[in-house]
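Now for the letters of each chain:
2 protein chains.
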Amino acid sequence: MGKFRKQHKMFIAEGSINVLDFIKSGLQPVDLFANGSWIERNTNFLDFENINTVSEKELARITALKNPSEVLAVFNLPENKIPLPSKINGLVLMLDDIKDPGNLGTIIRTADWFGVKDIICSKQTVDAFNPKVVQATMGSLSRLNVSYSDLTDWLSGVRTETNIYGAVLKGESIKEINKPKNDILVIGSEAHGISADVLKFVNKPITIPSAEVGGAESLNASIATAILLYALLT
Amino acid sequence: MGKFRKQHKMFIAEGSINVLDFIKSGLQPVDLFANGSWIERNTNFLDFENINTVSEKELARITALKNPSEVLAVFNLPENKIPLPSKINGLVLMLDDIKDPGNLGTIIRTADWFGVKDIICSKQTVDAFNPKVVQATMGSLSRLNVSYSDLTDWLSGVRTETNIYGAVLKGESIKEINKPKNDILVIGSEAHGISADVLKFVNKPITIPSAEVGGAESLNASIATAILLYALLT
Numbered sequence: 549m550g551k552f553r554k555q556h557k558m559f560i561a562e563g564s565i566n567v568l569d570f571i572k573s574g575l576q577p578v579d580l581f582a583n584g585s586w587i588e589r590n591t592n593f594l595d596f597e598n599i600n601t602v603s604e605k606e607l608a609r610i611t612a613l614k615n616p617s618e619v620l621a622v623f624n625l626p627e628n629k630i631p632l633p634s635k636i637n638g639l640v641l642m643l644d645d646i647k648d649p650g651n652l653g654t655i656i657r658t659a660d661w662f663g664v665k666d667i668i669c670s671k672q673t674v675d676a677f678n679p680k681v682v683q684a685t686m687g688s689l690s691r692l693n694v695s696y697s698d699l700t701d702w703l704s705g706v707r708t709e710t711n712i713y714g715a716v717l718k719g720e721s722i723k724e725i726n727k728p729k730n731d732i733l734v735i736g737s738e739a740h741g742i743s744a745d746v747l748k749f750v751n752k753p754i755t756i757p758s759a760e761v762g763g764a765e766s767l768n769a770s771i772a773t774a775i776l777l778y779a780l781l782t
Numbered sequence: 549m550g551k552f553r554k555q556h557k558m559f560i561a562e563g564s565i566n567v568l569d570f571i572k573s574g575l576q577p578v579d580l581f582a583n584g585s586w587i588e589r590n591t592n593f594l595d596f597e598n599i600n601t602v603s604e605k606e607l608a609r610i611t612a613l614k615n616p617s618e619v620l621a622v623f624n625l626p627e628n629k630i631p632l633p634s635k636i637n638g639l640v641l642m643l644d645d646i647k648d649p650g651n652l653g654t655i656i657r658t659a660d661w662f663g664v665k666d667i668i669c670s671k672q673t674v675d676a677f678n679p680k681v682v683q684a685t686m687g688s689l690s691r692l693n694v695s696y697s698d699l700t701d702w703l704s705g706v707r708t709e710t711n712i713y714g715a716v717l718k719g720e721s722i723k724e725i726n727k728p729k730n731d732i733l734v735i736g737s738e739a740h741g742i743s744a745d746v747l748k749f750v751n752k753p754i755t756i757p758s759a760e761v762g763g764a765e766s767l768n769a770s771i772a773t774a775i776l777l778y779a780l781l782t
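Chains A and B supply the protein sequences, listed in that same order.
Heads up, the first sequence is in our numbering, so the first residue is 549 and it goes up one at a time.
Heads up, the second sequence is in our numbering, so the first residue is 549 and it goes up one at a time.
Check before you lean on any hint, since a few could be wrong.
Where chains are identical, the list cannot tell them apart; a pair therefore holds if satisfied intra-copy or between any two copies.
Unchecked claim - The calculated DSS-like cross-link candidates involving lysine-lysine, where the alpha carbons are at most 30 Å apart (straight line), are: (1) Lys614 to Lys647; (2) Lys718 to Lys572; (3) Lys680 to Lys614; (4) Lys614 to Lys554; (5) Lys572 to Lys635; (6) Lys665 to Lys718.
If you're looking for bench data, these hints aren't it; they were derived computationally from the structure.
Start from the sequences and build out the full structure, keeping to the hints where you can.
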């Protein structure tokens, strides 16, 4: 976790969709900085103090991103609410060491599209409240519960009838899979796939079919997640 | 197109998989720079001149990326081979102004996984031989034909029986679609979707199903492409 987030237990959201979606979800900004035009257009949502009108130059100075947006807000970090492994509700997405902020943000956005409610990340997964991740979620981080936990400890607590799906090279084709209920889908890291310790818990190894001849050796982690969620949840 | 690529009609590939996949596809590097260990391990593939052993410091100085790899090679740019619109072979992927290099690279890699042979890009789509795109393709750019064309001109030449699929907000669910044959899938830009001029040609508007309640408003362009290719081609 970044120093600012760790010390102050706060995070930064940038961009109109992100900031508004966090406010609509019930979070109140500790501080909000925006240009006058944005504040005027969104005055209906700004029922709190600490609203600061700033120039574009000032926004460029405080942004954590390459391209400043017209609004930036500081929020208190939500608690790390780890779901009970014995009481899973719907398909839980489990991320085993996703390192790239763009991938994590895209995964959160895609999971939100398909109605996933809980994402459990390994402690080595990049922080979901990293500004680059928040940016890539396009507001979705406000609608999902993303928590961090020791994955093998957590998996030790799930009921024996729980299906634990994991994408591997030679598993059952996802074309043939029954729809999951209160189950788990594990996604491995970009470089190493699912770690050996977590793989021991996977009881439904599955595979995305590819072209019969030639072709790419693997898929990007966020792409694989999207195809798996589509195949399992629709 | 970047100045270097335009002036010299060459492009740079970095990373072991990328460089080796271009060599295996039949391209011969104009120049190759690598550390001694990489050259030793891959000597079987290096049957040409202009192989330069360089230090990591030197690689860091010539890389076009943030993190230098152990090998970098310069190749002649392949010709822009635009497929004949009246003789489509398989599903042609058409990209209408994809701007982000990471998205384009990921789309090329995913298309290669599913066996797509031809990608036709609008002239405003980012250059496929941009080093960041090449990097994200993970070698796949060497196996696909990526060409640039005026999309509406090209689409005017397709046979009347050709299905032209395009992802829109209220189309037919991709769950219900017949498998394409010699057809076209159009992907719109990250910010604006399919442009009005191109949308006129889409005769099979399709939609990716989403969660019934709440959820993300849209999907990242490379994610949407991946789900569409999976649904249409497998």
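- Going back to the hint list, which numbers does this structure go against? The structure breaks none of the hints.
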